Amino acid sequence: DTEVTQTPKHLVMGMTNKKSLKCEQHMGHRAMYWYKQKAKKPPELMFVYSYEKLSINESVPSRFSPECPNSSLLNLHLHALQPEDSALYLCASSQESQGAGGANVLTFGAGSRLTVL
Amino acid sequence: GEDVEQSLFLSVREGDSSVINCTYTDSSSTYLYWYKQEPGAGLQLLTYIFSNMDMKQDQRLTVLLNKKDKHLSLRIADTQTGDSAIYFCAERGGNSGYSTLTFGKGTMLLVSP
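These protein sequence lines map, in sequence, to chains A and B. Heads up: the first sequence runs through residues 1 to 117, numbered per my numbering. Heads up: the second sequence runs through residues 1 to 113, numbered per my numbering.
If you're looking for bench data, these hints aren't it; they were derived computationally from the structure. Bear in mind that the values here come from a model prediction, so they are computed numbers and not experimental data. Be aware that a few hints might be false.
Unchecked claim - Here are the computed lysine-lysine pairs in the DSSO-like style, where the Cα-Cα straight-line distance is at most 30 Å:
#, chain 1, residue 1, chain 2, residue 2
1, A, 9, A, 19
2, B, 70, A, 36
3, A, 40, A, 9
4, B, 68, B, 105
5, A, 41, B, 36
6, B, 36, A, 40
7, B, 70, B, 105
8, B, 36, B, 70
9, A, 18, A, 40
10, B, 67, B, 36
11, B, 105, B, 56
12, B, 105, A, 36
13, A, 38, B, 70
14, A, 41, B, 68
15, B, 36, A, 22
16, A, 41, B, 105
17, A, 40, B, 70
18, B, 56, B, 68
19, A, 9, B, 105
20, A, 36, A, 19
21, B, 105, A, 38
22, B, 36, A, 36
As the list claims (entries may be wrong) - A few chain A positions that, by computed beta-carbon distances, are all more than 12 Å from chain B:
#, residue
23, 12
24, 15
25, 17
26, 20
27, 26
28, 60
29, 78
30, 116
Each residue gets a CB set at the ideal place from its N, CA and C atoms; glycine is no exception.
Same shape as in the complex, but just chain A (with noise of 0.2 Å):
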């Protein structure tokens, strides 16, 4: 299984709502990463989780709470968000190497399309 599988794939929901993305892999990654893209620019970095413990919080609003529950599963919580939260939601892992030495290469999910009303 070389896969990032993201669901739901679509996810519309109110500014009062708290749903939740989900993201799967079992390629034995030990790295997992959210990311953020808005139409027409690049992903930016939300949060990674190394060995499931958080390691970067790029400065997210609390509005999103990420869970690694196990080394396989990823998940962003989303509660009170706004309209400009609305964007693509892509989930990624990678391997772990020793320091700086390894490729690290990411492998993406297909994305949660997110839209706040």
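Could you slot chain B onto chain A? The hints should help.
Here is chain B on its own, set in the frame of chain A:
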């Protein structure tokens, strides 16, 4: 800070070669990557190059790296209509075991029949 620049648009005819250019600023970058994104889809890795190499070839793809000028290019030979997509150059910074990538703004490649 890190910065990656790309031209925004390239139009070619089917069968021609396409060359997408990228410049980066972080001289400590260890790896540089090319990703392809089709409409409504995630990012697909095309190829990557280690910073101590100057060229890498993979079927129709050729990557050239000029480390002195911090210039990276992706050449696609015999471009097909299925190659129409957005192409992102990315550099890997940091010295941790995971990858923190900085992406360029993306080059939209349009291939006409």
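For the pair we were handed, residue 70(B) and residue 105(B), check the Cα-Cα distance against 30 Å. Holds. Residue 70(B) to residue 105(B) sits at ~17 Å (cutoff 30 Å).
Agreement of residue 105(B) and residue 56(B) with the hint, judged by alpha carbon distance not exceeding 30 Å: The hint holds at about 23 Å.
Has the given pair, residue 105(B) with residue 36(A), been kept, meaning a C-alpha gap of at most 30 Å? 14 Å, holds
Given pair status - residue 38(A), residue 105(B), alpha carbons within 30 Å: Holds: residue 105(B) and residue 38(A) sit about 11 Å apart, inside 30 Å.
Within a Cα-Cα threshold of 30 Å, do residue 36(B) and residue 40(A) meet the stated pairing? Within the cut-off at roughly 13 Å; holds.
Is the Cβ of residue 12(A) more than 12 Å away from each Cβ in chain B? Residue 12(A) clear of chain B: closest Cβ-Cβ about 16 Å, beyond 12 Å.
Is the Cα-Cα distance between residue 36(A) and residue 19(A) 30 Å or less? 16 Å, holds
Against chain B, does residue 20(A) keep a CB gap of more than 12 Å to every residue? 19 Å, holds
Holds or violated: residue 38(A) to residue 70(B), with C-alpha atoms at most 30 Å apart: 27 Å, holds
Given the hinted pair residue 36(B) and residue 70(B), is their Cα-Cα distance within 30 Å? OK: residue 36(B) and residue 70(B) at ~21 Å, within 30 Å.
Consistency of the no-contact label for residue 15(A), given chain B and a CB cut of 12 Å: 25 Å, holds
Outside-interface status for residue 78(A) - nearest CB in chain B farther than 12 Å: Holds, since 19 Å exceeds 12 Å.
Of the numbered hints listed earlier, not one is contradicted by the structure.
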